[in-house]
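Student: Go by the hints and put chain B onto chain A.
Line by line, the protein sequences are chains A and B. If you use UniProt numbering, the first sequence corresponds to residues 1 to 288, in order. If you use UniProt numbering, the second sequence corresponds to residues 1 to 334, in order.
These aren't lab readings, by the way, just hints derived from the structure by calculation. Keep in mind that the hints are not guaranteed to be accurate.
List time: in silico DSBU-like cross-link candidates among lysine-lysine, alpha-carbon distance up to 30 Å [claimed, not checked]:
hint : chain 1 : residue 1 : chain 2 : residue 2
1    : B       : LYS143    : A       : LYS89
2    : B       : LYS143    : A       : LYS126
3    : A       : LYS120    : B       : LYS245
4    : A       : LYS176    : A       : LYS242
5    : A       : LYS242    : A       : LYS29
6    : A       : LYS126    : A       : LYS89
7    : A       : LYS89     : A       : LYS29
8    : A       : LYS242    : A       : LYS39
9    : B       : LYS245    : B       : LYS143
10   : A       : LYS176    : A       : LYS89
11   : A       : LYS120    : A       : LYS29
12   : A       : LYS176    : B       : LYS245
Per label pair, the in silico range of CB-to-CB distance [what the hints assert, rightly or not]:
hint : chain 1 : residue 1 : chain 2 : residue 2 : range
13   : A       : ALA267    : B       : SER138    : 52 to 58 Å
14   : B       : LEU12     : A       : GLU174    : 51 to 57 Å
15   : A       : LEU25     : B       : SER215    : 32 to 38 Å
16   : A       : LYS120    : B       : PRO154    : 44 to 50 Å
17   : B       : TYR193    : A       : ARG17     : 28 to 34 Å
18   : A       : ALA85     : B       : PRO258    : 50 to 56 Å
19   : B       : SER138    : A       : LEU191    : 34 to 40 Å
20   : A       : MET74     : B       : GLY269    : 57 to 63 Å
21   : A       : ALA267    : B       : LYS143    : 54 to 60 Å
On a predicted model such as this, the values are computed, not experimentally measured, just so you know. Note that beta-carbon positions come from the ideal geometry of N, C-alpha and C, so glycine has one too.
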Amino acid sequence: MTTLLELDHINKDYRIRGFLDRSTLHAVKDVSFSLEVEKPEIFTIVGESGSGKTTTARMILGNETPTSGHLRFMGEDVAAIRSRAERLKFMARVQPIFQNPFEAFNPLTTLDYFLFATAKRFLGLKDQANIEAATDRALNHVGLSLAEVRGRYSHELSGGQLQRIAVARALIPEPKLIVADEPVSMVDASLRMSIVNLFRDLRDTLGVSIIYITHDLSTAYYISDRVIIMHRGDVVEAGDAKTVLGHPQHAYSRALREAVLPPDPVAARRIIAQRMASAKAAEARQPG
Amino acid sequence: MDGFSKYLAQRLFQFFLVLFLGISLTFLITKLSPVDPVEQSVSLMTSFGATDPRAVELMREALAELYGLQGSLFEQYINFWSRIIVGDFGPSLSSFPTPVMSLIMAALPWTVGLLLQALIISWCLGNLLGALAGYYRSNMLLKLSGALVMALHPVPAYIIGLVLLLLFGFIWPILPISGGAQMNLPPSFSFDYIRSLILHGTLPALTLVLGGIGSWFISMRSLASNIVTDDHVVYAELAGVSSGKIFSQYVARNALLPQLTGLALSLGGVFGGAVITEFVYNYPGVGRLLIQGIYRGDYSLVLGVTTISIVAVAVAVLIIDLLYPLIDPRVRLG
Numbered sequence: 001m002t003t004l005l006e007l008d009h010i011n012k013d014y015r016i017r018g019f020l021d022r023s024t025l026h027a028v029k030d031v032s033f034s035l036e037v038e039k040p041e042i043f044t045i046v047g048e049s050g051s052g053k054t055t056t057a058r059m060i061l062g063n064e065t066p067t068s069g070h071l072r073f074m075g076e077d078v079a080a081i082r083s084r085a086e087r088l089k090f091m092a093r094v095q096p097i098f099q100n101p102f103e104a105f106n107p108l109t110t111l112d113y114f115l116f117a118t119a120k121r122f123l124g125l126k127d128q129a130n131i132e133a134a135t136d137r138a139l140n141h142v143g144l145s146l147a148e149v150r151g152r153y154s155h156e157l158s159g160g161q162l163q164r165i166a167v168a169r170a171l172i173p174e175p176k177l178i179v180a181d182e183p184v185s186m187v188d189a190s191l192r193m194s195i196v197n198l199f200r201d202l203r204d205t206l207g208v209s210i211i212y213i214t215h216d217l218s219t220a221y222y223i224s225d226r227v228i229i230m231h232r233g234d235v236v237e238a239g240d241a242k243t244v245l246g247h248p249q250h251a252y253s254r255a256l257r258e259a260v261l262p263p264d265p266v267a268a269r270r271i272i273a274q275r276m277a278s279a280k281a282a283e284a285r286q287p288g
Numbered sequence: 001m002d003g004f005s006k007y008l009a010q011r012l013f014q015f016f017l018v019l020f021l022g023i024s025l026t027f028l029i030t031k032l033s034p035v036d037p038v039e040q041s042v043s044l045m046t047s048f049g050a051t052d053p054r055a056v057e058l059m060r061e062a063l064a065e066l067y068g069l070q071g072s073l074f075e076q077y078i079n080f081w082s083r084i085i086v087g088d089f090g091p092s093l094s095s096f097p098t099p100v101m102s103l104i105m106a107a108l109p110w111t112v113g114l115l116l117q118a119l120i121i122s123w124c125l126g127n128l129l130g131a132l133a134g135y136y137r138s139n140m141l142l143k144l145s146g147a148l149v150m151a152l153h154p155v156p157a158y159i160i161g162l163v164l165l166l167l168f169g170f171i172w173p174i175l176p177i178s179g180g181a182q183m184n185l186p187p188s189f190s191f192d193y194i195r196s197l198i199l200h201g202t203l204p205a206l207t208l209v210l211g212g213i214g215s216w217f218i219s220m221r222s223l224a225s226n227i228v229t230d231d232h233v234v235y236a237e238l239a240g241v242s243s244g245k246i247f248s249q250y251v252a253r254n255a256l257l258p259q260l261t262g263l264a265l266s267l268g269g270v271f272g273g274a275v276i277t278e279f280v281y282n283y284p285g286v287g288r289l290l291i292q293g294i295y296r297g298d299y300s301l302v303l304g305v306t307t308i309s310i311v312a313v314a315v316a317v318l319i320i321d322l323l324y325p326l327i328d329p330r331v332r333l334g
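Bound conformation, chain A alone (with noise of 0.2 Å):
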């Protein structure tokens, strides 16, 4: 077996300087966890604002640096890379997709022009043949085509159009990694399914593996092959998907839980009914 991305005891801090005091913000505390290249999987991270989430996705993605502890991918440290064709090397190995897909492209100039300019980039095709070929094979992943792309700009099509033109953009250099940050939370929640349809297709038909980044449990619950759960900077829970989600441990990874609405009304009204009928017994039982 081949190790992916390996993360060998993270930790990342953040130095606060405020006008009198100096603290230390410990955004990411020992995480480690790694992907093999053999297995693709879809790796999820979930935890809330704050809990270190996006942070790991930068590490991840060689943005920031980590503070103490190895993160490897295939074998080569991140941290190390400093030159541009460094840079380039990784990043048509790695690819990230963002929250907003609005922000996603510049929206002073078409989309054609930053899928070729990728394609060119992390390809070094130079052919303006072979350069849309690789360009529309990559949307025809995303169900899109060159033709309904070309001469676009971005505030002409719909957020989840653009989150498909992202992916097919990540897509481009046909990397082995995707570093997925929220990419649903800002798409209308009748399209959030098929991109997170695509993500499954995606590792089974070109064996990607993808880092999803998220904190909605139910989109985690329905493609993860392996979660882990952050709180504060902390892992506080990790393994199998169906195992954690479902029968979670720890006290956090509860709560999130039961923070999920539950899709039936008519079983959350008689269960809110029955934890107020055994508040009020608990009440009861010790009174003043």
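Tutor: Positioned in the frame of chain A, the structure of chain B alone reads:
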């Protein structure tokens, strides 16, 4: 009608509506003034000795006709519009009988020359520094220049003006402090005259630049630092796009759009003069003319300066609105 002509028609309608409302309002405001220009002129003329009351009455009527003050307010208003459409603001009441238009036309080149330069310099410098400071947020030199610009920003123009005047007029007297050019030189394209123009313009321009640069800097820096955290910039950084290209093509280009609107509005404002700066340096521009008009109750002059300024701002806004689709694809009309 295609998209553009519909847009053009809409904008032209707005343009004329703004002109109509703005000028009408100015007309009404001057009518509310307690100073009666006819009485002022009459008292000025009769102060040298007793005059026949009947002659005074005739003089009143003649003046009222001359000033366009005959009839009811509505008649005056109609009369006012019929003259203003052909660019006639009537004679100045304080420099009678010179027409207001020729006073303004004499002052306009001074004002426009000075303010245009100052505006362009402060806009370019402020935006460049602001964009750099927003993008390279940890650069010490940029932080320092930012602090300096921010410190100057809230200082009123008359303070900056007076400080510069003291510094370069008295303590280290190297620059002229009053007027637009040397008095005894006739206007010409000679080296001496142009040199004197530049020297006289330096302090007022410096005052305007120092006062104006701050707002451009502050807004540009906040615009740029917002864009720096946008996902497309983060992606470009990760993809190894050179920082010079990210700065010019991603950050500066996106942040500049609202600043262009600001520039257009300020360009229109150029025609209203810089009242305080022109007053401090006794610069023969429109701003000084306006002050003179207000002090002497010369409301034809005030009305003329205000109208020119309203028209200039409205035209500038119209032009930038029509040019905007060329700059920003998001407002391109189909």
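Student: All the hints need checking, so say for each whether the structure fits it.
Tutor: Each hint tested on the structure:
{"no.": "1", "hint": "LYS143(B) - LYS89(A)", "result": "violated, 35 Å"}
{"no.": "2", "hint": "LYS143(B) - LYS126(A)", "result": "violated, 42 Å"}
{"no.": "3", "hint": "LYS120(A) - LYS245(B)", "result": "holds, 16 Å"}
{"no.": "4", "hint": "LYS176(A) - LYS242(A)", "result": "holds, 24 Å"}
{"no.": "5", "hint": "LYS242(A) - LYS29(A)", "result": "holds, 25 Å"}
{"no.": "6", "hint": "LYS126(A) - LYS89(A)", "result": "holds, 17 Å"}
{"no.": "7", "hint": "LYS89(A) - LYS29(A)", "result": "holds, 29 Å"}
{"no.": "8", "hint": "LYS242(A) - LYS39(A)", "result": "holds, 18 Å"}
{"no.": "9", "hint": "LYS245(B) - LYS143(B)", "result": "holds, 22 Å"}
{"no.": "10", "hint": "LYS176(A) - LYS89(A)", "result": "holds, 12 Å"}
{"no.": "11", "hint": "LYS120(A) - LYS29(A)", "result": "violated, 38 Å"}
{"no.": "12", "hint": "LYS176(A) - LYS245(B)", "result": "holds, 28 Å"}
{"no.": "13", "hint": "ALA267(A) - SER138(B): 52 to 58 Å", "result": "holds, 54 Å"}
{"no.": "14", "hint": "LEU12(B) - GLU174(A): 51 to 57 Å", "result": "holds, 54 Å"}
{"no.": "15", "hint": "LEU25(A) - SER215(B): 32 to 38 Å", "result": "holds, 34 Å"}
{"no.": "16", "hint": "LYS120(A) - PRO154(B): 44 to 50 Å", "result": "holds, 49 Å"}
{"no.": "17", "hint": "TYR193(B) - ARG17(A): 28 to 34 Å", "result": "violated, 57 Å"}
{"no.": "18", "hint": "ALA85(A) - PRO258(B): 50 to 56 Å", "result": "violated, 37 Å"}
{"no.": "19", "hint": "SER138(B) - LEU191(A): 34 to 40 Å", "result": "holds, 39 Å"}
{"no.": "20", "hint": "MET74(A) - GLY269(B): 57 to 63 Å", "result": "holds, 60 Å"}
{"no.": "21", "hint": "ALA267(A) - LYS143(B): 54 to 60 Å", "result": "holds, 58 Å"}
Violated hints for the displayed structure, listed by number in ascending order: 1, 2, 11, 17 and 18.
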